[in-house]
Amino acid sequence: MTAALETVGLSRRFGALVVANDVRFILEAGARHALIGPNGAGKTTFVNLVTGRLRPSAGRILLNGTDITALSQAQRVHQGLARTFQINTLFRGLSVLENVSLAVAEQAGIGNRMLRKGRANRGVVEGAFALLERLRLADDALVPVHTLPYGKQRLVEIAIALGLNPSVLLLDEPAAGVPSVETRIILDVIEQLPDSIAILIIEHDMDLVFRFARRITVMVQGGILVEGTSAEIAADARVREVYLGERQHG
Amino acid sequence: MRRPAADASPVDRLIASHRLRPIELLPWVIAVAAYFVFPDYLPLGSQVLIMILFALSLDLVLGYGGIVTLGQSAFFGVGAYAAGIYSVHVSGEPLSGLVVAAIAAAVVGVISGLVILRTTGLTLLMLTLAVTSLLEATANHADFLTGGADGLQGMTINPILGRFEFDMFGRTAYVYSLVVLFLGWLLLRRLVHAPFGQSLIGIRENVTRMHAIGTPVRQRLLTAYTISAAVAGVAGGLLAQTTQFVGLTVLGFERSGAVVIMLVLGGAGRLYGAFIGAALYMIAQDQIAEVDPVFWDFWIGLLLVLVVLFARGGVLGLCDKLLLVVRRRR
Numbered sequence: 654m655t656a657a658l659e660t661v662g663l664s665r666r667f668g669a670l671v672v673a674n675d676v677r678f679i680l681e682a683g684a685r686h687a688l689i690g691p692n693g694a695g696k697t698t699f700v701n702l703v704t705g706r707l708r709p710s711a712g713r714i715l716l717n718g719t720d721i722t723a724l725s726q727a728q729r730v731h732q733g734l735a736r737t738f739q740i741n742t743l744f745r746g747l748s749v750l751e752n753v754s755l756a757v758a759e760q761a762g763i764g765n766r767m768l769r770k771g772r773a774n775r776g777v778v779e780g781a782f783a784l785l786e787r788l789r790l791a792d793d794a795l796v797p798v799h800t801l802p803y804g805k806q807r808l809v810e811i812a813i814a815l816g817l818n819p820s821v822l823l824l825d826e827p828a829a830g831v832p833s834v835e836t837r838i839i840l841d842v843i844e845q846l847p848d849s850i851a852i853l854i855i856e857h858d859m860d861l862v863f864r865f866a867r868r869i870t871v872m873v874q875g876g877i878l879v880e881g882t883s884a885e886i887a888a889d890a891r892v893r894e895v896y897l898g899e900r901q902h903g
Numbered sequence: 008m009r010r011p012a013a014d015a016s017p018v019d020r021l022i023a024s025h026r027l028r029p030i031e032l033l034p035w036v037i038a039v040a041a042y043f044v045f046p047d048y049l050p051l052g053s054q055v056l057i058m059i060l061f062a063l064s065l066d067l068v069l070g071y072g073g074i075v076t077l078g079q080s081a082f083f084g085v086g087a088y089a090a091g092i093y094s095v096h097v098s099g100e101p102l103s104g105l106v107v108a109a110i111a112a113a114v115v116g117v118i119s120g121l122v123i124l125r126t127t128g129l130t131l132l133m134l135t136l137a138v139t140s141l142l143e144a145t146a147n148h149a150d151f152l153t154g155g156a157d158g159l160q161g162m163t164i165n166p167i168l169g170r171f172e173f174d175m176f177g178r179t180a181y182v183y184s185l186v187v188l189f190l191g192w193l194l195l196r197r198l199v200h201a202p203f204g205q206s207l208i209g210i211r212e213n214v215t216r217m218h219a220i221g222t223p224v225r226q227r228l229l230t231a232y233t234i235s236a237a238v239a240g241v242a243g244g245l246l247a248q249t250t251q252f253v254g255l256t257v258l259g260f261e262r263s264g265a266v267v268i269m270l271v272l273g274g275a276g277r278l279y280g281a282f283i284g285a286a287l288y289m290i291a292q293d294q295i296a297e298v299d300p301v302f303w304d305f306w307i308g309l310l311l312v313l314v315v316l317f318a319r320g321g322v323l324g325l326c327d328k329l330l331l332v333v334r335r336r337r
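Sequences listed follow chains A and B, in order. Sequential numbering of the first sequence, starting at 654, is according to the numbering used here. Sequential numbering of the second sequence, starting at 8, is according to the numbering used here.
Among the hints, erroneous ones may be present.
So the derived list for chain A, only partly shown, Cβ under 7 Å to chain B, looks like this [to be verified]:
{"no.": "1", "residue": "Leu755"}
{"no.": "2", "residue": "Asn765"}
{"no.": "3", "residue": "Glu779"}
No lab work stands behind these hints, which were simulated from the structure alone. By construction, the Cβ of each residue, glycine as well, lies at the ideal position given by its N, Cα and C atoms.
One chain only, chain B, in its complex shape:
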């Protein structure tokens, strides 16, 4: 965490820029504090943590790789159903359930990615939508397995590690989600700062040049897409386990749209935009919905218009600009 001196060589400074900075621990301090300060809001808190993990998964492909997708809920939904069905038919053990969710989503990711990543732009966007619709229709139709439109019934989740039972106040669910999110963040943070993540940024910045420097672009995107799918699957699995229910909405297009909005709101391509965006969106939704449930969509829409028009980098982009102004004044 040492900061290199201003006269350090550019090599040292570039390498140091990838080290962990103290401010990166702030989200975790807040998340732990929230557990003690807002004990009545823990169920909402778990939902926020799960959506952060989901938004993080999207950041890897959209924010870093530049793959503009509206189909991320496909993987979230597959993970949720996989974890749900596993608990009903195989075992209520939660950790293996998450592994199953990750694998199922990764399989769907790799298969759909093989087709989708051959295309770009609008075609790619439509294909991601199509995959989500296909899966939603399948889940609706296969009601012997998924419960169809009624949702998956009869989930029971065993205590975590055989010790920590899920309680009605959502304490265990909150801590469980927080630990899983932390591990997901560790993984993704490592990836994006490694050469792999840097090459994703290269693909986003200029795909023509990446081909010309010898990058197997499609292969690399497919790897990212699959990892992203697995992480989204874990987020879906977490939702299924902590709410002990899976409905068709986990696969819905609305969820894909919402997670893109969260990421854009917070700032894409920098990991922490997922934290800010998801938390802001979920908490605003909860608060506004209490006052004005019908009009909630209007306010989030207005917020998005303002962000896109005046703060392209989202909340974090805005913070950057403010910091720059403050530093110049000095």
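Only chain A is shown next, with the shape it has when bound in the complex:
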């Protein structure tokens, strides 16, 4: 079976600084995979390389078997690759429904349409609203997104990505900065996503990681240290040393 996402020899250097070093990574179809590692390990850089926000110095990226290395960020999205951001990256002045509608419109390919007539436009807003209902955001549909509590904004962050109907979803610290009570809500949402979406989650919250992920990859200094099932990673001595060990000190 083709992997949902695969990187081969992916590297990125800023001058002498190597932030991604020959990364070989495979995300299986329907995966629930976590990418962990200490701060500065290059996790977000990896996401930026995969989504096309950064250009790699070397290596290739395959999405569902197709080489997307040369594609623009926008083209990759239309191939089924979606992401969320570690720091809320929302359309702050717009309502929740408008935020998600923008994504749905682009996904439907009508984002450049200059007329509002026709069923397609209603379809977009209805599609966006259905998504909000699934994420229990329907009551806040017409509320300006910047007035929402932080935890709900994190949900909108995910809703926008889901509006793109992705086959691969990269979640960059979805629970970052969220109080632990609300982390539960976010985890619920992620856990209920269908298996047709392969999910890679970057997260510092170890409870969340071990609860959600079936496989875990550990990144250190721009390279992959080890990869395995959750149980293997929990038992791995090297991981304890560089990661969990560091956590006890810090």
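Keeping the supplied structure of chain A fixed, place chain B upon it in accordance with the hints.
Just chain B, lined up with the frame of chain A:
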């Protein structure tokens, strides 16, 4: 124009929010009334209508797309010269003259946009200024075509549709400008409420996220920039035709600056700020200049400082806040 009930679904309410509201017709009622109430002020009225159209063109890129430009007069000027030169050398027919003005400005828009829109922020601002300066210098130098510093001489404009002659009281010019402005407004209103315009707002609100939801951002901005240039070109063409003269000032930086001030004054990113801002600016300029021609700049400067400090959304933003207060009191 039906307002949805408060218990209507959010989907219906969002869709309804894009429908035409009665208050949006108010500017047109005023413009038509002004024709009958102030017959002596029609030449000024035409100038106001033309500047409104120019400010509307800027609103599409600056107010909606968030492109901070100080070079909008480039397109206004190209449109004015194109319409002027067309009437001198090709035909005095006004409507085809406006089409020529729109096309010429759109061509300049698309070419300069290809370069300018690769940049952002201060670099973009400087580039828009540079394009205007380049064009102004070119117009000054090419005096065989443009009349250089003396301005373009010898324009004659035929009656509109072969029937409505331009008269010395500016009646025809006023109605002509009003009709063209109305068509320009129809076009832009349609664009900004369509998915295209919504995506421009998205780009303004968060360009990073627009890339991440699969929007070809630069392409979309280029489309907006070109349409905006064409509309600005029509405004320039209108000025040339109604005054039957084109001077270098149509391309000047001062005009670019003035139109930004008008838009900020009225409120950017909502179409009607262009109407209020341009009318307020032009009428204030006319009135203050009569009393105190030297000091006019001081007063408009003071007004701008007050708006930027205390009323960020311009006059319309202020109206919003007042409405909110009134509704809460009830």
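Tested hints:
no. : hint   : verdict
1   : Leu755 : holds (5 Å)
2   : Asn765 : holds (5 Å)
3   : Glu779 : holds (6 Å)
In this structure, every one of the numbered hints holds.
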